[in-house]
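Below, each chain spelled out in residue letters.
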Amino acid sequence: MSGYQPDTAAIAGIGETEYTRGTDKSGLQLLMEASLKACADAGIESDAVDGLVMTSRVGTNEDFVAGLGITDLKFHAHIKIGGASPVAGLHLACHAVASGIAERVLVSAGRNAYSSMRLGATDSGPRVVWPGDDIRRNLEYPYGMIAPMQWYSLHANRWFHETNASREGMATVALNTRRHAHLNPRAWFRDRPMSREDYDASPMLVTPFKLLDVCLETDGAAAILVTRADAARRAGGKPPVYVAATAEGHPDSPDDLSNRPDILGMGIGKAAPRALDIAGIRLDELDFAEIYDCFTFIVLRQLEEIGFCQRGEAPDFVANGRIALGGELPLNTHGGLLSQAHISGMNHVVEAVRQLRGDAGQAQVAGAHLGLVTGYGDFGDGAIAILHN
Amino acid sequence: MGNPVQRPLPDIEDPLYQAHFQGLKDQQLRVQQCDACGQLQWPPRDLCKQCHGDRFHWPVMPDQAVVYTYSVVYRAPHPWFKEHLPYAIVVAELENGLRLLGNAFGADVEKIQCGVRVKAHFQHDEDSGVCFLRWVPTTS
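Chains B and U supply the protein sequences, listed in that same order. Heads up: the first sequence is residues 1 to 389, going by my numbering. Heads up: the second sequence is residues 1 to 140, going by my numbering.
Treat the hints as calculated values from the structure; they're not laboratory data. Glycine included, each C-beta is placed from N, C-alpha and C at the ideal position. Take these hints with a grain of salt, some might be off.
What the hints assert, rightly or not - Example chain U residues on the side facing chain B (calculated, C-beta under 10 Å, incomplete):
id : residue
1  : C37
2  : Q64
3  : V72
4  : V73
5  : C114
Let's have the full structure, built from the sequences with the hints guiding it.
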């Protein structure tokens, strides 16, 4: 028993900053801007927020109290599972409003990652805080395993070895995501074409990842405001987007890929059946999916672990336009982390809400009723949300 | 010219890892084994994952393994590795299932594949006093 009845909670408001590469604003200023927009979108005063779920490294609950003018904070939490944090934050916020410990919970994500201090901004070594710090420092950094693309390549190369998965799948995801970004005026790569030749010619960084298999670094923030669904309906703003179910999952040995008994095992594989069971839906009922895409290959792996297809089959599953707008399962309709922006996947949640409000512009999925959002973080943590209008 | 770039170094005095790093200096692969139940585990942990015991010894493992997974790196994530490109990160699996991570350098790193048999080599660095693990394909 999850204790969560489908549709108890709803997303009542969304907010995003502009997504840029280069900003004068601090990470905290970006977070506040997105948060204030989410409150305004939900039709509530920001001082009435009474719950906070924070998923960024910047920003404390005190910062949010000061920035938003919160008068009575009843609940707060920080979630630190990397790119799974925003959807895991939505998960927690839904249970918080369902239990009644708070009524208006703000979940935020963002950073000035491009302009400040992520990996790559300098050349002096690891800058991101990872779980299992002693393992990283003693057994991995000395061997030049320092960046996410290197860790995840261990997973990818074993996947190819075990399943003989087609190498075409990663290119399909990269090209499909870029085409969707061209439909989104908020996408960083909205005007930048990518041909198959561009993809093939992009430099190999770490086998099997080419440059165009890797997500963007951007500055920006996004936030959502979660309330009880009945309260959202009474507020009379935009139609609420209902949360049918959420779940979080963690792989075995979550701080160590190398000795994970099954390196293909992922948190989403544990979370997805729980969420589907709570929501009472089947995968083939979904109208679209926003799948966390720090790398092209991790989209394929999530599709498999969620159960859309068997291990090794995702490259075939995504072929022939199935994941394109107009296909059976339009995927990352906003351009994702690969081609819109890296807002730790909160931009995926925001896009799902837009789709279900019918506000997705040129990227609108016709008749969108039921959507899936995932998060993926650290060494395989996962989170999933099933939303509908 | 500037100072030479230092390779990222482990903390060889870390109490949880000290026996392993001393093992590498002695040209031995030592991993953690629970005194109480005999569970072998890697990476080392404060508690035994099987019985939650907190006393360990450090037996020597065989130096032969098979590549479980790997990565060939073409863009250095740290300046020390720039002059070693491309280099391989190799996760090699021992017969008992434990996997130890090391490097492979040299002209044939692109031949590293899952399933390739490798042997541990121990590369001592005089300046830092640290010994690094290398996995070298065995020709057979």
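Now the hints, each set against the structure:
no., hint, result
1, C37, "violated (18 Å)"
2, Q64, "violated (18 Å)"
3, V72, "holds (4 Å)"
4, V73, "holds (5 Å)"
5, C114, "holds (4 Å)"
Hint compliance for this structure: hints 1, 2 are broken, all remaining hints hold.
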